[in-house]
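Asks: Keeping their order, the protein sequence lines are chains A and B.
All residue numbers for the first sequence refer to my numbering, where the first residue is 1 and numbers rise by one.
All residue numbers for the second sequence refer to my numbering, where the first residue is 1001 and numbers rise by one.
Accuracy of the hints is not assured; some may be wrong.
[What the hints assert, rightly or not] Sample of chain A residues at the chain B side, in silico, Cβ under 10 Å:
1) W30
2) Y108
3) S111
4) R134
5) L145
Note that these hints are calculated values from the structure, not bench results.
No residue lacks a Cβ here, since even glycine has one placed at the ideal position from N, Cα and C.
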Amino acid sequence: MGLVDRGRLPKPLTTLFNMGRSYSLWVYQWGLACCAIEMGAAFGSPRYDVMRLGVIPLPASPRQADLVVISGTVTDKMAPAIKRLYEQMPEPKYVISMGSCANCGGPYWDSYSVTKGVDQIIPVDVYVPGCPPRPEALLEGIVLLQQRIKNEDMGARWRGEGTKPMNVVDGESAEKGGVPVVVNN
Amino acid sequence: MTMLGDRQQLAYIAAQAADARVNVELETEGMTLNIGPQHPATHGTLRIIARLDGEQVVWAEPSAGYMHRGYEKLTEVRTFPQVTALVNRIDWLGSFANEVPFILAAEKLMGVEAPSRAQHIRTILFELSRIANVSLFLGDLGVQLGAITPVFFAFRDREYVLNLIEAATGGRFHPNFDRIGGLKDDLPAGFIDETRVVMKKLRTFCDQIEDLLFGNEIFQARTRGIGVIPKDVALSYGLSGANLRASGVDWDLRRDQDIPMAWNKTEFKVITHPDGDSFARCWVRLQEVRESTKIVDQLLDTIPAGPVMAKVPKIIKVPEGEAWVSTENPLGEMGYYVVSQGDQGPFRVKIRSASFNNISIVPWLLKGVYVPDIITILASLYFILGDIDR
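All chains, full assembly: derive it from the sequences and hints.
Replies: Encoded structure:
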């Protein structure tokens, strides 16, 4: 893993790792509203059967998950809990925002208590539109995410590049989190 | 000997003193257990704060509001047809059932009545959404108790009903099909035959669930005699729907009130159970799915010909006044108190949703139960978070 940290993974190995990661996604189901039922249909029903895509929808806690599906209306009361549990997920982590409410507020665009989009709190990788999206749409979102994972530079992802470092104590660690670190040897 | 005896006695006293010390150290202290707001057993985002003494709940309180979307305020800035799209999403498992009381209240204010074919189709879709709603409950019930299989059956057979709703309305989940004065469209070709086939499948599903789950010894041991709500308590907390009928109250708004829907043209049993425990609540719901399939079958036989839309102006302005209409929704009594001031949109809408009143009994009901029973009791009460928080 030292190779990964330094971003010096040989290309065949990167491809292999990415393939492994994309086909063993552990999904933490964040079911909030109507979309949660469609997510349940996609993950739990024999008709849609997400496991054939290599997605395991049953981690016991966010600490074991690679992907979180935010499905449903995010309210201002719920937002801190979402941020907190997202921060507990280990890197590399991905977010799918499912449904209009999680994307942008949806039919509650002028409500006083709804957060207009979960991307205000956490970074989102794939948006799945619809109110609610059909289970097939969520499956397509997962396939798109898998394509994205396959083409990823794993070293960069491992260093948390492109995402803000979370527990920044001093400036140095923030810098390391933000830009690629090149080790001279 | 006496020395030994004394020593033995001393050792005994010392042992007792040590025990007492341990007992002092192990004195039970209250512990606060937080369930939720994200927990699979809460059907969404309900948070329950329970204070425990050992394994027993001393005090419990639900903390609602994690799904509050401000419905009553939003209705003030929407027009009447737009509100229909909004109220779909209150009880998201039985969406069509949410539209009906609101539309009926608006029709009452306007003095319009839907044609009898529209009333029939409304009732059919209402019952279909009840079946879709409660069949998922029956599957989910197994998951709460550790049985995974029923949920696969539920999702499988629920898809058939959703396909029917989609064929008729265009919306799988949120139909938004009801209009003031009737319906958007007539039924599609082949709907009636298809529905008959699906109703047969659903009755088979009910038999399967009854065999798999309700006949299961573990299920009975975990639900019988647990979470008992007596009749008077159920009435005083304002419970409605299957929760009330499971406590032995013979009360069903489909039968008891006269509204322009087609239930009074059918014959159905109102299922009650005298026990009032978790098992009774689940059993009543299961039987109600059966009754609903029978209602749908009867309505399919007697569906009259004619238009599905009464004559209403294109731009709907509801005259000044106030109206209250409630119906027997999958979760219980759901009603809208609509105040109009003659504009295109309502002035104020008060939404009475069943789950909010149903979970108000949770602090009373959870007092003194054991921790694993919290989950079964909450599952049997059956609430939907959108219905609680709105």
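Asks: Now tell me if each hint is right for this structure.
Replies: So, going through the hints one by one against the coordinates:
| no. | hint | verdict |
| --- | --- | --- |
| 1 | W30 | holds, 6 Å |
| 2 | Y108 | holds, 5 Å |
| 3 | S111 | holds, 4 Å |
| 4 | R134 | holds, 7 Å |
| 5 | L145 | violated, 21 Å |
Hint violations for this structure: number 5 only, all remaining hints satisfied.
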